[in-house]
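Colleague: As a plain string of letters, each chain reads:
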Amino acid sequence: MPYTPNLAQNPSESTSLDKLKPGKCGYVVKVKAESDDIKKLMAMGVCEGRIIKLVHLGEPMILQVLGSRIGVSSRLGETVEVAPCEEDNCCEQGQCSEE
Amino acid sequence: MVNVVPSERANLPAKGLPFLALAGNPNAGKTTLFNALTGLRAKTANFPGTTIECRTGSVTIGRNPVELLDLPGLYSLNDCSDEERMARDALLGKAGDRGRPSGIIVVADATNLERNLYLAGQILEMNLPVVVALTMMDLAERKKISIDFESLGKELGCPMVPVDVRSGKGVKELRQECENMLSGQVALTKRPERLEYACSCNSCPFKAHFDWTQEVCGKCVHSNEEGETDRTFAIDRVLTHPVFGFLAFASVMLSFFFMVFYIAQYPMEWIDGLFVHAGSFVGKFMPEGDLKSLLVDGVIGGVGGMLIFLPQICILFFFLTLLEDTGYLARAAFVMDRLMRRVGLPGKAFVPMLSSHACAIPGIMATRGIEDKRDRLVTILVLPLLTCSARIPVYAMVCALLFPDQPMYAALAFAGAYSLGGIAALVMAFVFRRTILPGETRPLVLELPGYKMPSVRNALLMAIDRAGIFIRKAGTVIMVISIVLWTASTYPKSEPPVEVAEMLLQADQTNDDELRKEATRLESKHAFANSAAGRLGKAIEPVIEPLGFDWQIGVGIVSSFAAREVIVSTLSIIYGVGEDAVDEDPASLYDNLRASKRSDGSPVYTMATCVSLLVFYVLAMQCLPTQAVTRRETGSWKWAAFQFGYMTALAYLSALITYQTLTFLS
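Protein sequence lines correspond, in order, to chains W and R.
Position one of the first sequence corresponds to residue 2 (this note's numbering), numbered consecutively onward.
Position one of the second sequence corresponds to residue 238 (this note's numbering), numbered consecutively onward.
Quick caveat, the hints were computed from the structure, so don't treat them as lab data.
No experiment lies behind these values; they were computed from the predicted model shown.
A hint or two may mislead.
[As the list claims (entries may be wrong)] Think about it this way: if two alpha-carbon atoms lie no more than 25 Å apart in a straight line, the pair counts; the simulated DMTMM-like pairs of lysine to aspartate or glutamate are:
| hint | chain 1 | residue 1 | chain 2 | residue 2 |
| --- | --- | --- | --- | --- |
| 1 | W | Lys-20 | R | Glu-684 |
| 2 | R | Lys-689 | R | Glu-378 |
| 3 | R | Lys-280 | R | Asp-401 |
| 4 | W | Lys-33 | R | Asp-609 |
| 5 | R | Lys-610 | W | Glu-49 |
| 6 | W | Lys-33 | R | Asp-319 |
| 7 | W | Lys-20 | W | Glu-35 |
| 8 | W | Lys-33 | R | Glu-684 |
| 9 | R | Lys-409 | W | Glu-60 |
| 10 | R | Lys-521 | R | Asp-316 |
| 11 | W | Lys-31 | R | Glu-452 |
| 12 | W | Lys-33 | R | Glu-677 |
| 13 | W | Lys-31 | R | Glu-751 |
| 14 | W | Lys-33 | R | Asp-316 |
| 15 | R | Lys-610 | W | Glu-60 |
| 16 | R | Lys-775 | R | Asp-534 |
Using the sequences and the accompanying hints, generate a full structural model.
Modeller: Below is the structure:
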């Protein structure tokens with residue numbers, strides 16, 4: 002069964018990735034740009050429907066998605082819109098456990 | 238030596254031979270598997286018409302030879318990089334004239350299947366026989382991830398083989414599956430039904446594929462929460478930390494530099510010694526004359542001058558591969574990215590820049606890790622500005638001339654020359670980014686793979702591979718250059734002046750060895766000054782006069798195109814102190830230089846001339862072997878010529894400003 006995250010239902014709560022608190026997860030609602038770099042990022046799993054965790058905020062930032070960590074320039078990170086996960090333990094239920 | 242003319246090899250496997258393609262995510266263990274299957278029989282070549290490398294190797298499957306084509310590491314087969322386009326073309330049979338592969342081995346990291354299956358899903362859509370090799374099984378076991386191979390195979394519609402290269406487990410089974418593919422026993426794959434359904438609903442194609450991989454993994458992969466906690470995360474906290482990360486980076490890179498710079502000295506000395514001995518050995522059996530000189534100085538000297546680069550190349554790539562295998566290199570690029578970006582260079586340019594302080598040749602070869610073409614080109618263009626070890630003898634000579642009795646100031650001048658090179662490289666990178674190669678540096682998207690034990694075997698194979706490429710692609714050009722330079726400094730021949738002939742005669746009669754040595758020195762000085770190189774040096778005198786240089790320095794500059802340090806021995810010959818003075822008695826050379834006068838009686842080596850000469854040698858290209866490597870790595874002589882042009886202009890202008898300012902001030 003595909004995992005359905007428990008999301009804040011209000012779409013206005015979606016925010017850009019860099020507004021997420023480090024250590025928190027978010028469900029990717031949309032990636033707002035299109036370039037080869039964005040496509041590479043999407044092929045690594047940062048795309049609509051995935052849950053990503055912000056491991057480290059800074060320049061560059063570190064994301065965790067699908068069991069791997071990725072260093073990303075913050076200007077790319079800003080184009081990723083996420084809905085912050087409500088529950089703290091959503092990472093452990095879904096894909097982005099700390100493994 | 239006729240057969241050393243470079244012949245472009247057929248880039249991809251020969252037409253007609255069946256071949257299998259190896260595809261997988263970066264860091265999924267693809268190279269290790271490729272090395273396990275092919276070993277030393279692998280060759281590196283470029284995809285036709287590009288500078289993208291691919292490796293091919295022959296494997297015996299069943300009883301038949303088969304070519305194995307290692308595609309670049311890929312996250313997807315979309316259209317977002319040249320590597321992806323080339324890989325797609327190779328799988329569709331559009332690259333070269335070989336048609337499509339007989340089958341594809343997809344390498345997938347068992348600890349991260351959900352992402353790895355994205356690429357696998359795209360490959361399954363290509364209607365070819367596919368076998369999936371699952372790697373990192375030992376890690377998966379430690380993490381208590383269990384995989385139901387049978388149902389995974391059913392979901393994907395292709396055979397699955399878990400492989401552990403280190404213990405050799407699964408390699409035999411993989412070979413068997415390859416044999417099945419070649420004999421047509423593996424069905425052509427088709428797009429999995431569920432993926433078909435997911436893609437039909439008009440949503441983001443990435444989402445559809447990842448929904449599919451998530452579903453497949455949900456069914457077939459079970460991870461137990463009690464698995465070993467990840468050490469990678471704890472280590473990364475330190476290594477990507479703004480302060481500690483930088484300190485760790487500095488110490489790792491310093492040791493790396495130490496290896497390339499200091500350890501390589503020993504084998505370089507051996508190679509040098511070996512060729513000197515070989516030269517004098519061959520010389521014993523040959524009569525004096527041009528043929529002997531050609532063979533000893535031109536050919537043997539040329540081969541030695543080319544092979545001398547190998548220790549640094551091998552050591553650099555050995556340790557670079559080890560660092561990359563451990564996963565640290567990605568962190569180093571991560572830490573440096575922010576700083577390097579300010580001048581328009583990517584974080585990955587740091588290793589080439591560091592290596593170029595030993596020698597620009599391995600440095601330029603190490604830019605392969607930089608993905609973006611323009612980022613890579615900017616890096617290659619500025620690398621030769623960094624002070625390499627061949628400049629050190631020149632710096633030492635000029636600093637000794639400047640400050641004979643003040644080692645403190647000499648050391649400062651030395652350090653100043655180093656910094657000038659570094660600053661010039663950063664400034665030029667910044668300038669190129671705003672002029673000929675405009676656009677921002679590509680933003681960082683870099684996987685930080687889990688830390689693991691590096692493979693010495695991979696590192697050794699890489700070092701051998703790079704050495705082979707250097708010899709095949711650049712070595713021949715370097716050989717030709719050194720023979721041309723030998724010819725230029727030998728011909729046209731000239732009769733020794735009358736007084737020298739008389740001295741020789743007198744020495745023979747009185748058996749005066751000192752006199753004979755003196756006469757020989759004068760003879761070679763005269764011969765050199767009248768050779769093509771000597772005449773060229775004199776011809777450019779009006780051009781270099783505003784820099785404070787006389788024709789002797791001009792000859793030195795012309796002859797040092799083979800290698801920068803040659804100027805020191807050329808000056809020794811020109812000033813009649815003999816070639817051996819450089820090693821035996823440098824003071825005699827320095828005294829001679831200090832005493833030399835212009836036609837109006839003023840000394841040549843004033844402070845202004847010395848500083849100007851130093852600035853010139855920091856910035857000028859003055860190294861044709863580097864040009865051969867630039868050509869190979871950029872794919873055209875155009876960029877090599879540009880590099881030569883801009884560096885010479887920069888060196889000329891800077892030396893001009895330096896000399897004119899200093900003369901004006903004094």
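Colleague: The structure should be examined with respect to each hint, and the outcome stated for every one.
Modeller: For each hint, the structure was consulted:
no.: 1; hint: W/Lys-20 with R/Glu-684; in the structure: 22 Å, holds
no.: 2; hint: R/Lys-689 with R/Glu-378; in the structure: 15 Å, holds
no.: 3; hint: R/Lys-280 with R/Asp-401; in the structure: 24 Å, holds
no.: 4; hint: W/Lys-33 with R/Asp-609; in the structure: 22 Å, holds
no.: 5; hint: R/Lys-610 with W/Glu-49; in the structure: 29 Å, violated
no.: 6; hint: W/Lys-33 with R/Asp-319; in the structure: 24 Å, holds
no.: 7; hint: W/Lys-20 with W/Glu-35; in the structure: 21 Å, holds
no.: 8; hint: W/Lys-33 with R/Glu-684; in the structure: 21 Å, holds
no.: 9; hint: R/Lys-409 with W/Glu-60; in the structure: 46 Å, violated
no.: 10; hint: R/Lys-521 with R/Asp-316; in the structure: 62 Å, violated
no.: 11; hint: W/Lys-31 with R/Glu-452; in the structure: 21 Å, holds
no.: 12; hint: W/Lys-33 with R/Glu-677; in the structure: 19 Å, holds
no.: 13; hint: W/Lys-31 with R/Glu-751; in the structure: 86 Å, violated
no.: 14; hint: W/Lys-33 with R/Asp-316; in the structure: 19 Å, holds
no.: 15; hint: R/Lys-610 with W/Glu-60; in the structure: 23 Å, holds
no.: 16; hint: R/Lys-775 with R/Asp-534; in the structure: 23 Å, holds
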